[in-house]
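A.B. asks: Given next are the chains, with one letter for each unit.
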Amino acid sequence: MNFPDNVKYTKDHEWVKVEGNTAYIGITDFAQKELGDIVYVDITTLNETVAKESVFGTVEAVKTVSDLFMPITGKVLEINKKIDANPELVNNDPYGDGWMIKCSIDKAEDLNQLLNSTEYKKIVGA
Amino acid sequence: MQHIALEKTHIALGAKMIEFAGFNMPVSYSGLNDEHQTVRNAVGVFDVSHMGEFILKGDKALDLIQRVTSNDASVLSDGKAQYSCLPNGKGGIVDDLLVYRIDEKTYMLVVNASNIDKDWNWISSHNTQGVEMKNISEKTSLLAVQGPKALEVLQKLTNVKLADIPYYSFVKGTFCGFDNVLISNTGYTGAGGFELYFENEQAEKIWNAVFEAGASFGIKPIGLGARDTLRLEMGFCLYGNDIDDSTSPIEAGLGWITKFTKEFTDKNHLLSQKEKGTDKKLVGFEMIERGIPRHGYPIVDVQGNILGAVTSGTQSPTLNKAIGMGYVKTAFAKAGTEIFVQIRDKNIKAIVCKIPFLKK
Chain A
1 MNFPDNVKYT KDHEWVKVEG NTAYIGITDF AQKELGDIVY VDITTLNETV
51 AKESVFGTVE AVKTVSDLFM PITGKVLEIN KKIDANPELV NNDPYGDGWM
101 IKCSIDKAED LNQLLNSTEY KKIVGA
Chain B
1001 MQHIALEKTH IALGAKMIEF AGFNMPVSYS GLNDEHQTVR NAVGVFDVSH
1051 MGEFILKGDK ALDLIQRVTS NDASVLSDGK AQYSCLPNGK GGIVDDLLVY
1101 RIDEKTYMLV VNASNIDKDW NWISSHNTQG VEMKNISEKT SLLAVQGPKA
1151 LEVLQKLTNV KLADIPYYSF VKGTFCGFDN VLISNTGYTG AGGFELYFEN
1201 EQAEKIWNAV FEAGASFGIK PIGLGARDTL RLEMGFCLYG NDIDDSTSPI
1251 EAGLGWITKF TKEFTDKNHL LSQKEKGTDK KLVGFEMIER GIPRHGYPIV
1301 DVQGNILGAV TSGTQSPTLN KAIGMGYVKT AFAKAGTEIF VQIRDKNIKA
1351 IVCKIPFLKK
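Chains A and B are the protein sequences, given in the same order.
So the first sequence is numbered by the numbering used here: it starts at 1 and just counts up by one.
So the second sequence is numbered by the numbering used here: it starts at 1001 and just counts up by one.
Simulated crosslink set (BS3-like; lysine-lysine; CA at most 25 Å straight-line):
{"hint": "1", "chain 1": "A", "residue 1": "K122", "chain 2": "A", "residue 2": "K52"}
{"hint": "2", "chain 1": "B", "residue 1": "K1321", "chain 2": "A", "residue 2": "K81"}
{"hint": "3", "chain 1": "A", "residue 1": "K82", "chain 2": "B", "residue 2": "K1321"}
Note that these hints are calculated values from the structure, not bench results.
Turn these sequences into a full structure, and let the hints guide you.
C.D. replies: Okay, here's the thing in structure tokens:
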């Protein structure tokens, strides 16, 4: 399993990649493997400010459904349109083309509470 | 936790294992969609050795089976099998099962793993005429080799002419050098193929031989996840989801295995349901709007009134749309009726349709 160093992680299996004043958010390689074949990602919070640890969407796999939690407080600025037509991108490239949302970073201190790859690996037993 | 004979083999193959019905079972290997398509288009192997097998033997074996099951086992001849269920005396179902007639006085019942003890106790409590009952579940392995290439693969390993075994028929013959393997033209996928019953000690050799014989056909191991999506595309009921102690075979659309030509548990009650109709019915439906129905989600009408609940649902890998089954009030059970599934507090449109979802 792949746990790149250039993103931060949550115990809920999301990752955050900071780019300037905004952040890209997706789910980890571990999460996509646990879910199995992903059918679609349902995000209804575009242009809404979602608090840290609140649900910003859900991911539907063939066998199961799972909520997606905001790793930081921020406004959802963009949804990855590519995964609408090709949800398998989340399985095949979870940290790249399978990203889910881009959001603002409203509280910089939220970033300090995220896990690094070593800490996250411990949580998933990798 | 209980263990099937080939547990270590599955783990070595990289299977994701889960506890199911008290057994450590493979739920997926290469991925659900890939496994699903493998069975629909080529051939795959399910280890379903967790299933239960009972042997009923004696002059009164048929009488006992006739008393406890809903289907008419008297129509079976040697080498024939039938799908049936055990009515529970309160209008519900103890379990669904397969009844195999080995010979005039010997039958094998194949039951769900989660219900082995319950079924054993239920049938035993009706065994008033001294039928010899043997629970061979723990020493019996069961592989389901399913898919359009299953026959060709398995034919390499036996002299029994597999093409001569009709659907819901079986032969006890030599397979892979072992005597007395029960080769049954049955399955739970709608993809065709055979189920093989044999002793645990033979499991490793048979598993390896089947994979060697199937290599050129792209044979793969298949987990319980794909087993569920395959059966759901066919509209086959799963005990614990679509049928249980509170649902009647008539409500569940299992009237075709409920024969009123004989005496059996709940006969009068079920006959009255058949004649008068039931308040609810199990239906299949397809999602019109985006959403995947899951077990337990409410089914409602356009005003939001509760009609029933989803019992099974998935994204169909073959049809590439979301499908489900569930109970609805009978007035809403006709194919073409618009219903709504409540998914995360939203009412998502669906349409009742005929099963199987997958047309031949």
